[in-house]
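Participant: Given the structure of chain A, go ahead and fit chain B onto it with the hints provided.
Here are the chains, one letter per residue:
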Amino acid sequence: MAAEPITVRVEYYAQMREATRKNGERVRALVANPHELYEQLRRQYDFPLGVENLRVAVNQEMSDWNCALQEGDTVAFLPPVAGG
Amino acid sequence: MFTLSDSPIDAARLSADFADQGAGAVVFFEGRVRNRNEGRNVVRLHYEGAAEIASSEFARIEAELRETYAIIDVACVHRVGTLRIGETAVWVGVLAGHRDAAFAACRAAIDEAKARLPIWKKEEYEDGTSGWINHP
Chain A
1 MAAEPITVRV
11 EYYAQMREAT
21 RKNGERVRAL
31 VANPHELYEQ
41 LRRQYDFPLG
51 VENLRVAVNQ
61 EMSDWNCALQ
71 EGDTVAFLPP
81 VAGG
Chain B
85 MFTLSDSPID
95 AARLSADFAD
105 QGAGAVVFFE
115 GRVRNRNEGR
125 NVVRLHYEGA
135 AEIASSEFAR
145 IEAELRETYA
155 IIDVACVHRV
165 GTLRIGETAV
175 WVGVLAGHRD
185 AAFAACRAAI
195 DEAKARLPIW
205 KKEEYEDGTS
215 GWINHP
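Chain order of the listed sequences is A and B. Quick note on this note's numbering: the first sequence kicks off at 1 and runs consecutively. Quick note on this note's numbering: the second sequence kicks off at 85 and runs consecutively.
Just chain B, with the same shape it has in the complex:
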């Protein structure tokens, strides 16, 4: 399940609410805004996303993960709007019976989410310039 959120991500609450009685292993990943990128001082970020396309694409990612790993559930929340340094940009949670599947699926989930979800990032730098970031 995927959510695009225009309000701050409360990772503690998301993590507490993401549960299953069969889940012996729970892995969370949290991506936060860092203060430097490619040698430049970043002051803030702007994220925008295409919500419906992101949801349909995450559903495909989830189906692929369920085929590959023995997981119970996977969820992802991505923030949009203006974020300051240290704020949470993305949260991923995986529930599984055992830790091997939980770790591996969480890693795959964030990698695929970053590569495939229609979400864009514009960085604002200390020198007043800004630019869209294009991951290869």
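Excised from the complex, chain A in its bound form:
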């Protein structure tokens, strides 16, 4: 658990956008990594997917669930992709 709350920008796409009815939002939370952020937001929203079915991007790069989040980061929770 992080010592101080941080403010991050969260982006929602596809099923996640429909579940939150938002393209994104600013979130202030006491979280150390995207996994903790996701579990915290999950208490607020009825997300259709768990972390095992999602990938995460931090600051527009594919990242991992346990990377350290910092003040001002942008986090996107990505549902299973279906391009092409």
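Keep in mind the hints are simulated off the structure, nothing from the lab. Glycine included, C-beta positions come from ideal geometry on N, C-alpha and C. One or more of the hints may lead you astray.
Computed beta-carbon distance windows for the label pairs [what the hints assert, rightly or not]:
(1) B:Asp195 / A:Gln40: 33 to 39 angstroms
(2) B:His182 / A:Lys22: 48 to 54 angstroms
(3) A:Pro80 / B:Glu148: 20 to 26 angstroms
(4) A:Arg17 / B:Ala100: 33 to 39 angstroms
(5) B:Ser99 / A:Arg21: 39 to 45 angstroms
(6) A:Arg28 / B:Ser99: 33 to 39 angstroms
(7) B:Arg150 / A:Ala19: 37 to 43 angstroms
(8) B:Ser91 / A:Asn23: 16 to 22 angstroms
Facilitator: Just chain B, lined up with the frame of chain A:
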């Protein structure tokens, strides 16, 4: 180089503009919207994408392809928005000195793009229902 396009993909123009004097082999792949998926009649598709994440991830794919295959360049354009049957959803082009690398890299490029780029597809069916498609 990757582009997310909210206007129709003009494959002929993309193909004409994608050139290099050292490229003896040029392979293009075009993915189009088909009228059936998993036994259901599809009337249209909606694609959305995360443009910046897709660009950074395609840059990684491109770097991997350059390590594996002797290619000169690779490019990918993916459409977003509402598409009808027959419209082009994705275009991939590869320039290489020779055909073996061009074919192999083009196949790898579309496979990796489909598996990794943050792009989502919602299908609308003839019966009025719709659903997000999740590739395994």
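Participant: Indicate, hint by hint, whether the structure satisfies it.
Facilitator: Hints versus structure:
Remark: the range hint 33 to 39 angstroms for Asp195 (chain B) to Gln40 (chain A) is upheld by a beta-carbon distance near 35 angstroms. The supplied range of 48 to 54 angstroms is met by His182 (chain B) and Lys22 (chain A), whose beta-carbon atoms lie about 49 angstroms from each other. Against the hinted window of 20 to 26 angstroms, the Cβ-Cβ separation of Pro80 (chain A) and Glu148 (chain B) comes to about 21 angstroms, which satisfies the hint. Checked against the given bound of 33 to 39 angstroms, the beta carbons of Arg17 (chain A) and Ala100 (chain B), roughly 36 angstroms apart, stay inside it.
Ser99 (chain B) and Arg21 (chain A) have their C-beta atoms about 40 angstroms apart, which keeps the hinted 39 to 45 angstroms range intact. Separation of Arg28 (chain A) from Ser99 (chain B) is about 49 angstroms and departs from the stated range, judged on CB atoms against 33 to 39 angstroms. Between Arg150 (chain B) and Ala19 (chain A) the CB atoms are about 38 angstroms apart, so this pair conforms to the stated range of 37 to 43 angstroms. One distance hint, 16 to 22 angstroms for the beta-carbon pair Ser91 (chain B) and Asn23 (chain A), holds here, with the actual separation near 21 angstroms.
Violation of the numbered hints given earlier is confined to hint 6; every other hint is satisfied by the structure.
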